[in-house]
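Visitor: Line order of the protein sequences matches chains S and D.
Residues in the first sequence are numbered from 1 upward in steps of one, following my numbering.
Residues in the second sequence are numbered from 1 upward in steps of one, following my numbering.
No lab work stands behind these hints, which were simulated from the structure alone.
Hints should not be assumed to be uniformly reliable.
Here's a subset of chain S near chain D, in silico, CB distances under 7 angstroms, partners left out [as the list claims (entries may be wrong)]: (1) D8; (2) E12; (3) P15; (4) A50; (5) L54; (6) L58; (7) D60; (8) I61.
Cut-off 27 angstroms, straight-line C-alpha distance, at most; resulting in silico cross-link-like pairs (BS3-like, lysine-lysine) [stated by the list, open to error]: (9) D:K225 <-> D:K168; (10) D:K226 <-> D:K59; (11) D:K86 <-> D:K142; (12) D:K366 <-> S:K23; (13) D:K86 <-> D:K168; (14) D:K17 <-> S:K27; (15) D:K27 <-> D:K50; (16) D:K112 <-> D:K27; (17) S:K23 <-> D:K274; (18) S:K44 <-> D:K369; (19) D:K225 <-> D:K267; (20) D:K101 <-> D:K59.
Covered stretches of chain D (in silico footprint by chain S; criterion: 3 or more residues with CB under 8 angstroms from a CB of chain S, positions within the stretch not fixed) [unchecked claim]: (21) 150 to 164; (22) 371 to 383.
Fair warning: this is a prediction, and the values are worked out from it, not measured in the lab.
Even for Gly, the Cβ is constructed at its ideal location relative to N, Cα and C.
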Amino acid sequence: MSGTKRVDVLGETCPVPLVETRKAIRKSSPGDIIDVVGNHPESKEEISMAVDELGLELLDIEEEGGNWTVKIKIPEDR
Amino acid sequence: MDMQKDTIYLDNGASTKTDKKVLEAMKPYMFETYAVATSDFAYTMGIEAKEALNEAREKIAKELKGGSQEIIFTSCATESNNLALKGVAEKGDGDHIVISKIEDFPVLNTAKTLEKRGFDVTYLDVDEKGFVDIEQLKDSLKDETVLVSIQHGNQEIGTLQDVEKIAKICEEEDVLYHTDATHTFGRLPIDVSKVPMDLVTVSPHTIHGPRGTAALYIREGTPIKKQMDGGFQENNMRAGVENIPGAVGFAEAVDLIDEEENERIRKMRDDLIKGITSDIPDTVLNGPEKERTPQNANITFQYVEGESITLHLDMRGIAVSTGSACFSKSLEASHVILGIGGDHERAHGSVRFTFGRFNNEEQVDKVIKDTSEVIERLREISPLSKKEE
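One chain only, chain D, in its complex shape:
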């Protein structure tokens, strides 16, 4: 029996529906120009493939206001983050790195791996809205610090860090700065010509591009060690046959970025937060009201479990995610909600709604109505709710 209805997909923070224009842009590099990128001394198809790859690189560089030689294609944002942290750590002449406690798993767990290899890692605290403690950051920097990695926008609660301030502090202290911009690239401007970021992780999977491709911006001259050994691809920084359809699709996704769309997404998000928090009692908005990624709303519904909410919303054709333990592959409550000082109950009742291109206002109204009904019914049967009475 098929339980799928016309799904209202609000898990765009995890991955987005590929835009048909993206797929159309990719197809010729699967069926016509399918050769590897070759040098100019090889056959025509290979030269054309190389030109397509470089054109894609230029478009992504332009969006970041960087140079095309500074873009290294990878297989995913996780790989980009691994390359940034391990690559700099192995090349640098210190043994200390700094990250925040609420980084996404690719940065968090790469830092833990480096810790096992003997690196000293400082995990910066965040306040109740998820902002990094800037004074603690300044105090943490020392002669041995080789890298600071603090994300741009948080994956769960959307908090936007003051990356400009952080980058300047790092520049003044002569420490390299990496930011994971997976959840902001394409939704908010990033300008490496003005903000002294040395490494930036970007990915098309959150902006209706393909999965299986991403990139790392590496400022020219940044000391970094290649992590994927093999051939000499990607300026000898990342070996492996290039994913040219992926790169072309990535560039097309960047071409489709539209400021009006970002505003539309922001408005839907605001309407959802307003509707839910005014219609449903005992709700808490996780993360800041304003300085958050345009697509993200994260709300804790007291006295109910996030898994139950996601399951019942799914049965009404609404796809969302939760920071509750059973939902996560780690079977642990969200480290982000715990990081902002929330308790396990707050994490277990948290639901993330993330918007994208294919959502509309009509869906927002339905989600508010259905969420309200689901929460009311779940609270009627919740032992947590009864305990409070």
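Pulled out of the complex, with its shape left as it was, chain S reads as follows:
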């Protein structure tokens, strides 16, 4: 059953946010949504790059007061 997971990497810098995101992706199931919340600007870019490389779906990037949330969807056919 698919669900939403939150990965909190606030205060962490490269490469920790990407490492934590990958852990969450590895443990996810098809259809899952992963919200990665952080504030390191380069990590936001790097996670978006990883989403592309892994063939996942980038649903949205929300930004508020220096914090960002990258919303990732694991495709149903994975």
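With chain S's structure known, arrange chain D on it following the hints.
Guide: Frame of chain S; chain D shown alone:
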């Protein structure tokens, strides 16, 4: 979710895929001839196990051009290095040993342990390509020196030391010489009948053999103290029930060594270095161009972190390693890159690509292309890169 694709494995310097022929050679000593090696006065299965062990020993000795009685099986290259350094230090009549600053951790940290026990250790400098300063080596030797331990090929940047010259200097000065040949055995010839090496560490895990077994060549007559107490196995030099499947697998890996394969590996390595350094700006080849182990390429990509490179290459199905701090279990930047005069930035951006039997030219092309794309994208977001603009 499984992130593994058909991995292009370029971390053969860390460990290699076991060859199926190796596994097939080992199986009978797990399921049929599973007894310990016994004396000729015992039961048949034990005698057959002992014969297999000795046959394996002979094959490894032959590859080194040494005598089979000079091969002692151990559990890993680290144990072999521990036995060589501690064994000689404890038996010798001096308290000084010499190593290089860029030795792999088994030699480096064993020397540090000996230092804590009161030994005097000289850590030789290396130049910008990783070559040991031969004059400094000569100057460092003294009456109290019991052992020089300088590796054959470097684990990270592949530098090949002039072991022939080093061995001869040690012979002339009547000092024992040990070399850690973990990264050269099977890939380059080692001839102890011509080069006066007294102790040589060899391992099958880098040549598609099994893990959990290795060996130490000990020249006959070398004064050395046993480190693993217990029974009388391995010519009373290393106690413990022998790993006969491991020894047989080790010998099979040696049997599979092929000069053509080594040339093929060397060519893939050269093509990779050429492709990456010509396609990607601001790269530095770490280590020498020619005098390096055939399987090793080590490149620093300026303005990007090695961890990021390894993570993004992994997501494209390419496995490599880096000298960057977070990647290492010690959380410290590569002592090898720092040892050759590189700064932390150079160490952090270094990536090691090491080839093996199961790589091919098609993979080299993909690795060059993917590395180029990853570096370009990472530099676009790198604050280090922006700082330079």
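Visitor: Each of the hints needs a verdict: does it hold here or not?
Guide: Against the structure, the hints come out as follows:
1. Hint status for S:D8: violated, given a least beta-carbon distance of 19 angstroms to chain D, over 7 angstroms.
2. With 7 angstroms as the threshold, the beta carbon of S:E12 stays out of range of chain D, its nearest partner Cβ sitting at about 12 angstroms, so the hint is violated.
3. Here the hint on S:P15 is kept, as its CB sits about 4 angstroms from the closest CB of chain D, short of 7 angstroms.
4. A cut of 7 angstroms between beta carbons decides the hint on S:A50: the least distance to chain D is about 6 angstroms, and the hint holds.
5. The closest approach between the C-beta of S:L54 and any C-beta of chain D is roughly 5 angstroms, which is under the 7 angstroms cut-off, so the hint is satisfied.
6. With its C-beta approaching chain D no nearer than about 14 angstroms, S:L58 sits outside the 7 angstroms limit, and its interface hint is violated.
7. For S:D60, the suggested interface contact is broken, since its CB lies about 19 angstroms from the closest CB of chain D, more than 7 angstroms.
8. At a threshold of 7 angstroms, the smallest CB-CB gap from S:I61 to chain D is about 14 angstroms, leaving the interface hint violated.
9. The hinted pair formed by D:K225 and D:K168 meets the criterion: a straight-line CA distance of about 24 angstroms does not exceed 27 angstroms.
10. The hinted pair formed by D:K226 and D:K59 meets the criterion: a straight-line CA distance of about 24 angstroms does not exceed 27 angstroms.
11. For the suggested pair D:K86 and D:K142, the alpha carbons sit about 19 angstroms apart, so the restraint of at most 27 angstroms is met.
12. Our distance criterion of 27 angstroms between C-alpha atoms is met by D:K366 and S:K23, whose separation comes to about 26 angstroms.
13. Annotation: proposed proximity of D:K86 to D:K168 holds, straight-line Cα distance about 22 angstroms (limit 27 angstroms).
14. Pair hint D:K17 plus S:K27 holds up; C-alpha atoms about 26 angstroms apart against a cutoff of 27 angstroms.
15. Between D:K27 and D:K50 the alpha-carbon distance is near 16 angstroms, which keeps this suggested pair within the 27 angstroms criterion.
16. Distance check on the hinted pair: D:K112 and D:K27 sit about 39 angstroms apart at the alpha-carbon level, beyond 27 angstroms; violated.
17. Distance check on the hinted pair: S:K23 and D:K274 sit about 34 angstroms apart at the alpha-carbon level, beyond 27 angstroms; violated.
18. Restraint check: the Cα-Cα separation between S:K44 and D:K369 comes to about 24 angstroms, which is no more than 27 angstroms; the hinted pair holds.
19. With a CA separation close to 42 angstroms, the supplied pair D:K225 and D:K267 exceeds the 27 angstroms bound.
20. Only pairs whose Cα atoms come within 27 angstroms are accepted, and D:K101 paired with D:K59 is rejected, the gap being roughly 33 angstroms.
21. For the stretch 150 to 164 of chain D, the stated coverage by chain S is violated: 0 residues have a C-beta nearer than 8 angstroms to a C-beta of that chain, whereas at least 3 were required.
22. Here the stretch 371 to 383 of chain D counts 6 residues with a CB under 8 angstroms from a CB of chain S, which clears the bar of 3, and the coverage holds.
Of the numbered hints listed earlier, those contradicted by the structure are 1, 2, 6, 7, 8, 16, 17, 19, 20, 21.
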